[in-house]
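Visitor: Each chain, letter by letter, is given below.
Number of protein chains: 2
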Amino acid sequence: MEFKVNSRILEKLLSHIIPAVPTRTPMPILENFLFEIKEGYLKVSATDLEIALISSVNVSAEEEIKIVIPARLLYEVVRSLGDTQILFETEPNSKLKLTTENGIYNIGFSSPEEFPAIPAVTKEKEIIISGAELKKAIDQTSFAMSKEDMRPSMTGTLFEFSEEGLRFVATDGHRLVRYINKKIKNHKEEQYIIPEKAISVLSKLLTEDEVKIYFSKTNVSFYIGDIEFNSRLIGEKYPAYNSVIPLENENEMKLKTNEILSTIKRMSLFSTTSSKQVKFTIEKNNLEVSAEDIDRGSNAKEKIECMYKGEPMSIGFNTAYVHDILSHVNNEEVIFKLHSPTKACIVEPAKSSENEDLLLLLMPVRLNN
Amino acid sequence: MEFKVNSRILEKLLSHIIPAVPTRTPMPILENFLFEIKEGYLKVSATDLEIALISSVNVSAEEEIKIVIPARLLYEVVRSLGDTQILFETEPNSKLKLTTENGIYNIGFSSPEEFPAIPAVTKEKEIIISGAELKKAIDQTSFAMSKEDMRPSMTGTLFEFSEEGLRFVATDGHRLVRYINKKIKNHKEEQYIIPEKAISVLSKLLTEDEVKIYFSKTNVSFYIGDIEFNSRLIGEKYPAYNSVIPLENENEMKLKTNEILSTIKRMSLFSTTSSKQVKFTIEKNNLEVSAEDIDRGSNAKEKIECMYKGEPMSIGFNTAYVHDILSHVNNEEVIFKLHSPTKACIVEPAKSSENEDLLLLLMPVRLNN
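Top to bottom, those sequences are chains A and B. My numbering numbers the first residue of the first sequence as 1 and each following residue consecutively. My numbering numbers the first residue of the second sequence as 1 and each following residue consecutively.
Do not take every clue at face value.
Copies of the same chain are indistinguishable here, so a pair counts whether it falls within one copy or spans any two.
[Unchecked claim] No more than 25 Å apart at the CA atoms, straight line, and that leaves these computed lysine-lysine pairs for DSS-like:
#	residue 1	residue 2
1	LYS125	LYS185
2	LYS351	LYS309
3	LYS43	LYS66
4	LYS351	LYS256
5	LYS303	LYS4
6	LYS301	LYS95
7	LYS95	LYS265
8	LYS4	LYS265
9	LYS301	LYS97
10	LYS303	LYS95
11	LYS276	LYS97
12	LYS343	LYS256
13	LYS97	LYS265
14	LYS4	LYS301
15	LYS276	LYS95
16	LYS265	LYS12
17	LYS303	LYS97
Hints listed in this document are in silico derivations from the structure and should not be mistaken for laboratory results.
Based on the provided sequences and hints, a complete structural model is requested.
Guide: Spelled out as structure tokens, the structure:
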């Protein structure tokens, strides 16, 4: 068997597939690429059993083969070559021989029998979305996924189809984000939970190009250009997040986003490491933000101008969570909607575009004093 | 006590001093800046007992003070403020109060008694060198310092004064670099060994500006603009490195530096992890570089054009060391001077400028076969 391929083209292909190769695994076979030559295509696949990536490129080859090759070694070799033609040949001693103008590289390959089958996703549900829009939805929400395995559903991002639009929801119990893409409407309410690993790989694969998504009950497939990206879904029920979103938070405070964000950054230097508490003392058109680190005997307070309609109020937050939320408001001005110091606070951009809706929710912390 | 200072000016000053603040230390007092107001100057110092940094800025203050302040907290606060005036006031409860237009920040300070005295360097020997030239000398040599504490002198960089020039030498026993700045001549041979930490901090402080250096028997001081940088010297004898530099390596091979460097990068993927061995097989005008990873069953070889005057030879090197050496040749073409497969190999740039001399030395490794 032999075929030729340009190093730059192969490098690009392999760079798309390598994210599915696990760095540490009890199954060494997963550290390989599956290489298949069939019907004039070289198809390369990898999987860590949770996600799988597949892509292919035209090659002219006479024979068909199916072998597995050490993924990182091959990728690093191809990447380290300049722009050159590579001749691939299989040798009788289970070596894959790469020949370039100046060099010869032999890499051991194995037979593909042990390589796990990548499950085909039944195309029960198809949607088409712009890559840029999907990327925006993910970038707005993924930070809020839970890092704790206690409730597996919350470690992923919810894709919820509805008549209102496609809702992307992430929460860890302390904060929640709901981003709605109103262009993708569905008569039936349906929920799919995509694991964190898949979200993070997907975010890097997305371009401006259109994406086709297929959902089955257990798996999801994304088709992005030449790339097929599969992931298992989290087979749990997502928490009834709607019940924690307050309907009437009548006290509204409007602020410049970058002003409050830069204040929060300074307060994080003064809040006690364990509690990370920051206090908002709100009066008409004036917000005082303060923090105190009792262990180190330091404290700070700042005044920020705001527009406030409501009762004077003192409310505590975790600096890290306020910071995360404010970093994702994506608008010059931000609105805090409050009810009381013990009830969830809604954070929203002052303006949002026609086809989207962003709601951020922040749980307060009990003030020390 | 009170004084005013601009946040950007203070940030710049503190950024120069913070490298001397240790990140982990059994002496918490070292995690502070020493702040002194005296004769219209604010002088800020820090030390980890091995190195010390001192700088000052004009301020108008009526009283003199001397206090110690948590270094990282103060630096982070000042850095996080925009361009603004900061009013500093000491409060009776051992708090330093910073006031800006919108905020008030209180940081606990302590008395300076426990803060270690920074030794003044007796100005026994003074030299003046351009910052750019000193930086070049350090960048050319520092990579070869030993990481192992077995022989303390080799963990630093040797500054050796001589009639030929100022020699900078670093070695870990596997490779050696000697860089000579021929502009700085001295009648007497003198040796000073600067520790690794000081070299690394110095490299970041250097600019185009002139540097004044003072040596005493135990310490060295660098004056760079407003900054005074002190370090202890390593009080050991430097190994007699001249005895390992071969005088007659009669076989000479000239190569394009980037070609051999990129070949070595690929070979490092194929050399056995434990030995990192790469083999050079040299014949007239032809170099074959090869490596084999027996554990993984992979191997590689490449041919490179060269100009070779000498006997055909096979010689082994450690890929990591060849790579380091070639990365510091600093010339389009490189010359390998060889004697035999068991003797030290000299690596030199094909051309070097009038006022400098660079010699790199590489110990071969015994070939497997």
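Visitor: Each hint needs a verdict: does it hold in this structure or not?
Guide: Status of the hints after comparison with the structure:
Proximity of LYS125 and LYS185 under a CA criterion of 25 Å is satisfied intra-copy only: 13 Å inside one chain copy versus 80 Å between copies. Proximity of LYS351 to LYS309 under the C-alpha cut-off of 25 Å is restricted to the intra-copy arrangement: shortest distance 18 Å within a copy versus 74 Å between copies. In the homo-oligomer, the alpha carbons of LYS43 and LYS66 lie at most 25 Å apart inside one protomer (9 Å), although the nearest pairing across protomers, at 71 Å, exceeds that limit. In this homomeric assembly, LYS351 and LYS256 come within 25 Å of each other (Cα to Cα) only inside a single copy, at 12 Å, whereas the closest approach across copies is 59 Å.
Taking the shortest Cα distances, LYS303 and LYS4 sit within 25 Å of each other only across copies (20 Å), while inside one copy they are farther apart (67 Å). In this assembly of identical chains, LYS301 and LYS95 lie within 25 Å of each other by CA distance solely across copies; the values are 15 Å between and 67 Å within a copy. Proximity of LYS95 to LYS265 under the C-alpha cut-off of 25 Å is restricted to the inter-copy arrangement: shortest distance 21 Å between copies versus 56 Å within a copy. In this assembly of identical chains, the alpha carbons of LYS4 and LYS265 lie at most 25 Å apart only when taken from different copies (23 Å versus 54 Å within one copy).
Only between protomers do LYS301 and LYS97 lie at most 25 Å apart by alpha-carbon distance; the minimum there is 11 Å, versus 67 Å within a single protomer. In the homo-oligomer, the alpha carbons of LYS303 and LYS95 lie at most 25 Å apart only across protomers (21 Å), although the nearest pairing inside one protomer, at 69 Å, exceeds that limit. Taking the shortest Cα distances, LYS276 and LYS97 sit within 25 Å of each other only across copies (21 Å), while inside one copy they are farther apart (57 Å). In this assembly of identical chains, LYS343 and LYS256 lie within 25 Å of each other by CA distance solely inside one copy; the values are 23 Å within and 69 Å between copies.
Taking identical chains as interchangeable, the C-alpha atoms of LYS97 and LYS265 lie at most 25 Å apart only when they sit on different chains, with a minimum of 19 Å there against 55 Å within one chain. For the identical chains of this complex, LYS4 and LYS301 are inter-copy neighbours only, at 19 Å across copies versus 66 Å inside a copy, given an alpha-carbon limit of 25 Å. In the homo-oligomer, the alpha carbons of LYS276 and LYS95 lie at most 25 Å apart only across protomers (21 Å), although the nearest pairing inside one protomer, at 57 Å, exceeds that limit. Within a single copy, LYS265 and LYS12 get their C-alpha atoms only as close as 39 Å, which misses the 25 Å cut-off; across copies the closest is 20 Å, which meets it.
When the C-alpha separation of LYS303 and LYS97 is checked against a cutoff of 25 Å, the pair qualifies only between copies, where the shortest distance is 16 Å, while the shortest distance within a copy is 68 Å.
When the structure is compared with the earlier hints, no violation turns up for any of them.
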